[in-house]
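Novice: One-letter residues, chain by chain:
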Amino acid sequence: MIRTPLRPLARILPARARGENTDSIENENIRARHAEMQDRARQRAESRLLVMGVVFLCAYMTVGVRMGMLATSDASEPVASVGAATAIANQRADIVDRHGRILATNFETHSLYSNPQLLIDPERAAAELVAIFPDLDHEQLLRKFTGKLKFTWIKKKISPEQKQAVHDIGDPGLLFGPREMRLYPNGTLAAHILGGASFGKEDVDAAEVIGVAGVERQFDGYLRDPAHGNAPLTLSLDLTVQAAAERVLSGGMRIMNAKGAASILMDVYTGEILSAVSLPTFDPNNRPPAPKKNEEASESPLFNRTVLGVYELGSTFKIFTAAQAIDLGLVNAETIVDTSPPMRVGGRTIGEFRNKNYGKLSVSDLIVQSSNRGTGRLALQIGVQRHKAFLEALGMFDPTPFEVVEAQLGQPLYPKRWTDLSSVTISYGHGLSTTPMHLAAGYAAIANGGHYVSPTILKKDTPQLGPRVMSPGAAHAARRMLRAVVTSGTASMADVPGYAVGGKTGTADKPDKLRGGYYEDKVISTFAALFPAHDPRYVLIVTLDEPSENSGSQPRRTAGWTAAPIASEMIGRVAPLLGLRPSVEPARLPAITLTANN
Amino acid sequence: MTEMVYGAAPARDNEPILPKWWHTIDKLSVFCLLMLFAVGLLLGFAASPPLAERNNLPPFHYVQRQVLFGGVALIAMLLTSMMSPVLVRRLSVLGFLLAFAALALLPVFGTDFGKGAVRWYSLGFASVQPSEFLKPGFVVVAAWMMAANQQIHGPPGMAWSFALCMTIVSMLVLQPDFGQACLVLFGWGVMYFVAGAPITLLVGMAALVVLGGSLAYANSEHFARRIDGFLSPEVDPTTQLGYATNAIREGGVFGVGVGEGQVKWALPDAHTDFIIAVAAEEYGLVLVLVIIALYGVVVVRSLLRLIRERDPFVRLAGTGLACMFGVQAMINMGVAVRLLPAKGMTLPFVSYGGSSLIATGIAVGMLFAFTRTRPQGEIADLLRGRGR
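Those sequence lines, one after another, are chains X and L. So the first sequence is numbered by the numbering used here: it starts at 296 and just counts up by one. So the second sequence is numbered by the numbering used here: it starts at 108 and just counts up by one.
This is chain L alone, in the form it adopts within the complex (with noise of 0.2 Å):
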């Protein structure tokens, strides 16, 4: 009876999973990451034939590999999702341990398949990233451990936390792997900004930032020559940078057609860090405006349906997760306009990729689990005399 008239989330405890996981789901969000693994497919479709002819391959063979490596993304990112935020934990902290142990032995058993930074575990049939599924266990950790932080005689989660981040950090950027090492830096901060930092350490962090990139900028030719790249007011077509503006261009707002493109066989990596250029020459503003709509709604939405939660723990890894799905989409576009120093980052779920695929989906799964609805304990506020 209170409940129907307070309006509290309609859960009940001895419920079936799937009928409780189908009403308390965010569905819209659902929706849209289904909707851009499909424009994943379309332009896969478009973009993935040049570099099967060049490996000598039927021209869909990415293709298929996609859905088959998308169709397991999707069922791990749906039984994720069907998991309490407890199971989410303590599934994650071990897969967080594996993935670490995996990292830390990549100078050993990792190859570099000729790119200059040992990142990989070649399986033969596939390549597999330990950093692609150590960030989200990344984030639930430290989520828990800055949790834990926020309780009354409880551990110093958040220098816990520090530790273990700047660990992952520096090992990412000893590979070297620059844009890994920042999206898990900046998901820790992220998390320590919702966690209640003070606001003139943000200011220093800020400042660390700056210095950090200037120090990596006279040290590290490979990140200089990109960065002087992009501050250079002239974009040079015969980088990839110039092939993707140049692409835009041509596709103007509805895009010069259906397999039309040309972008796809100048960029070598035209399926995976510059498939949204694909998308603008093919099909136009139209698309690439739906597809930063999809993004947008996703992030937003589960930021927002975070606000509710009342769990520490919950708030801070939904946010997190939430927030490096978004930023590594808004990195990928934004180099791609010119927006952003270039930096190889995948679109998620949209570029091709095998495992990385398959762990951001583990990742969405994650996010979608924490923003499920839950009681948010309204009535014992109520009942407490502490009601806002």
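The shape of chain X in the complex, shown without the other chains (with noise of 0.2 Å):
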């Protein structure tokens, strides 16, 4: 290799030994290595450029050659498939209630589409359909079967009646598909819980059925697997008693002026929903449109107040404050606590419904009367830590493991910073947002014997206790302290002879989302009952949204007046459907000598 020096020192020195001026020499040498240096890159380019070009020529060419193979190939009916249009299995698995009633089933119908190359008479056929099928266009249809389109759908589903009527108009373009889809038989009943199902992938030999919410969604994949041999997937809901709950629910709803509510009914050993009702409802047969982004998600007849709905539940909560402080040896029912004000928690006043002062109380008493101070205290004998473990161990803090798939959703909200003044304000049921679930799950566990219990939708046949969380003792307890609120406290109108109703009422204001803090006049009313209170089988929540009674002088909203009587209604007419007999109370009649009845 020949180096060349980067400066002419051939020129340079005998120049400079000369005495003269080296910078012409440099620049001279400088712009003639510019210019050699210039036009080797230029003859590089120019190759370079050149390769660019024809890359460029035979890609277009390339884009140009596909665009008219596709252009000259033919156009074909949609195939959802690879391969055979078989691959989409049709089979979809019904749903059953607990007792095999069927909740949904597949319905076999026909699509109907046309091949307009080979329609006879475009104008008739078109005429024709619009006068079976009034919400077709017209001129759409023409215009449609007049063009060069080998292949369009007409409708996607069609009755057995529409689909004869189309045979007689006897044109050969007109072609039927068949279709599967889902059909709920019993209309709007059970409507949050099954959900609704739609056509995923079709085309014109089947059309795949997925489900969009409910236990549709959350077993998809169970109810679309042919490998289960089309058994029914069998709920826990009664189909009887989910009617009887909604119609009760509804007339109730109405009468409280509600704009919404919300029930259900859970075994409290297996943990199964027999009913769980939300209302405004619909009708999963015709799912209505999901609400738009700036619309009120709740607001929405699709919204399952059940699992969805999280709200802070009021004085429901008592209960559950008392039953701890019982279980840890704290207090038992008859120890008094000193529920006069003024008391002070972490800078903020505890006040009573009405500022009323209950003065001494026995634990027993609290509860029927409600007192927010009463419990505040017990709360803050138990203590942050033991307290927030206990609430924990209700599955308080996380989404009920409730298989519809909308419950993953429901995530409570609880405070992250969580204080004394927490405590005592979450002990009678304020700054914890939870689901209805949440609270029947809750009510589950005292009614048990102290037993978490996850509730299901799912039918089961033995009893499914989970952990332990209080003692039978302490459920004990707090059951007759329930029943006590019925028979001599807030509850009064809950009572249902012979079945021995226990609960607790609860009344929470509704939080302002727009301009925070809550509202004077729209409450969330609550109640939450178990009965036969001395060996409960079933847990009941009634909740009702803004609801307002107003035959007296005043409106009444809180849940004694609201909820209480809409749970004696359900569970007068829910009893009896699920086998319970009616104790009858014999001391009360001692007049009457009983005979036998010949």
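Bear in mind the hints are in silico, worked out from the structure with no lab data behind them. Incorrect hints may have been included.
[Unchecked claim] Straight-line Cα separation of at most 16 Å, EDC-like style, residue types lysine to aspartate or glutamate; simulated pairs: (1) X/Lys443 x L/Glu367; (2) X/Lys439 x L/Glu367; (3) X/Lys443 x X/Asp416.
[Said to hold, decoys possible] Below, a sample of chain L positions facing chain X; criterion: calculated Cβ distance under 7 Å: (4) Val301; (5) Ile355; (6) Glu367; (7) Leu392; (8) Leu394; (9) Val395; (10) Ile399; (11) Gly403; (12) Leu411; (13) Gly441; (14) Val444; (15) Leu446.
For each residue, glycine too, the CB sits at the ideal point set by N, CA and C.
Could you use the hints to bring the two separately framed chains together as a complex?
Specialist: Here is the structure:
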């Protein structure tokens, strides 16, 4: 390799020796090298630019050729799956209630499509189709039929009568494809549990039915899996009980002028949900569109209040505080607690409903009278750590494991920083927001003698008791208090003769999302019941959104006036359906001689 | 006399701007560009009424906007093409700095229009995507740096331009906007190639692109889904690609006829990313081939004219602009015919778009300014005895 020196030393050195300025020699040298370098760069760039041009030319030609190949190939009817169309498994399993009664099934129907090139008389076909399906647009149909289209859908689902009518048009360009649709024969019944289904992939030979919400979505894989041999999915729901509950709740909601309502009936040993109602409701056969972004999701009929309605549930939580205090041995049901004012915690004054002063009350009486300060004092005795741990054991901090897909989104809201004040307010149900389903699981633990039970929508044959959260004694004491609330406390309207209802009312002010703080005149009123109180089998939660009972001189909104009577009516209606016998109370009738009926 | 004999460029320094522009500009390319714009309007009449209907606007609302923005874009293009390369360079550097600042401030003031990537500024009547304006500016700045690199005692422009390129690419990837990032990277790569990249490095770069692609495939679900959709042999008819493919088939050679197409009702992006499918369905293969030919002529002719260019800066900047323009069109059409994986990219000058149309207009105007016939020092060569 011959190296060229950077400076033309051969000329510079003699020039320097002569005492001349060497700058001009260097500049000339640089200019010469520059010119040479640019020439080289230009030649290289020329060939590379040529390469680029050829590459672009080839690329464009490829696109053009490919376009030509596509354009000259035949348009095809849509094929949903690779290869055989039978790849769409058409049999979706039925869903039945606990007694095997159908909740969701499939219905053979047809889709209607057209191959306009095969139409003999497009104008007549269009006119007759519009006569059969008035919602079709004649102009648009005619345009499709007389254009160059080779395939077009007309209707995705038609009834057998409509199919016959289309058949009678007698045009060979009108074609039918078999198709299954999901049918909910009970209409709106259990709509929020079932959810709904729609079509996924579709072609002319079949369409895939996929679950979009509720159980249909949660168990979508199971329902579609042919391996189960079409065994139906058996839910824990009881259709009869569900129907009665919906009937009573919708009537009650109207009477109490509420804008929404929910109820849950749960078996306290198995965790089975026998009925779950959320109102307003919808028809899963004709599912309304999802709420738009700017609309409040909880206003939509699709909103499942039982698992998504996260609200402060008020005084219904007091029983948990009392049960824990007894469980820890801090108090017993007769221990006297001072509920008189003032009570200041963390700089806030704790008040009572209508600023009452109950004075000194026993633990049992403070539940019966629903004293905020009383439960608050119990919570302070329990302490923050133990209080938190107990509520966590009752599942109050996580979404419920309920197998309806929306339940995963029902995340309770609780304070990140849990202070003494948090414990006090949460002891009477403020500061912790949960769904009615959480509350049902909590009351089930009291009802079954102290075990946590996960609510489930699947039928179970044996008790599903979870870990113990309180002693049987504490649970027993709590049940006696709940019964006392009904016999002599705020929930006297909830009693059903013979069924020994026990329960606790809760009236919580609704938070004002726009302005912060709480509404003065909007409440969530809740009644949490268990029956029969001496040996509870079921827990019932009834909750009303913004109720107002207007028969008196002033509107009454408390749960004792609104939710409790509805719960009473519901228990009176469903308990016989569940096979519970009313216990006759002979002590009340000493003067009557019972004789044999002959 | 010498000029007459050797046919040098008939440019006279004190000639008025317009006549000088007219006999030095590449008239065929300008004609093709105007044709493309006309085709875009024609397709806008076909493709945008469904969108207008969805947004409750008069049917030709978007065509009117296209005419408005297109008019501005054409004027911008013509004005830019009248400038001298030096003026273009100066203005571009300024524009580049502005656009770069705008891009950097996107996370603060930008909006994502609910599409998951913060790429736009909302101005009320229109939205502006700074990366559209950044691209031509970047090409010029990078070309300037690379040209400076070829000076003896010049700055290390190549390294600078590479660092700049990487900064911009990483900013775009963070948005995320992989499409624009690829375009910028491609533009820089082409310029580097023409500026004399060593062959070994080119091979290494190709390997790097493959590596980066597979990394993106492994880590970005968005990206992976698109690639999977592309690699699967059968096209799912309910996807955008499925509709596009079917539309091209329905169209055949001569199309189903004006206004008869169906694909525009099914595809949300019929007026932008899949406008070629609308063209294929309504006007058939004929119009599509014409569109391809128009793009081909603009790009290839520009590249061929740049071969004669001696100024390294003009050569590089022109190459970058022409290739970016060409490759964007090619990717858009390649996606529609499933030669390339789905990537949202507009068809320059044809797709509907406000600010992007103007940005494309400016970029093409710059390209035309660079491809104008100029004296290339042939006489000086001859005089110095270095003629070829």
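Novice: All hints, please: hold or fail.
Specialist: Going through the hints against the structure:
1. X/Lys443 x L/Glu367: Measuring from Cα to Cα gives roughly 8 Å; hence the hint holds.
2. X/Lys439 x L/Glu367: holds, 8 Å
3. X/Lys443 x X/Asp416: holds, 15 Å
4. Val301: holds, 5 Å
5. Ile355: holds, 5 Å
6. Glu367: Result: holds, 4 Å to nearest chain X Cβ.
7. Leu392: holds, 4 Å
8. Leu394: violated, 10 Å
9. Val395: holds, 5 Å
10. Ile399: holds, 5 Å
11. Gly403: holds, 4 Å
12. Leu411: holds, 6 Å
13. Gly441: Hint holds; L/Gly441 Cβ to chain X Cβ min 6 Å, cut 7 Å.
14. Val444: holds, 4 Å
15. Leu446: holds, 6 Å
The structure does not agree with numbered hint 8 stated previously, though it agrees with all others.
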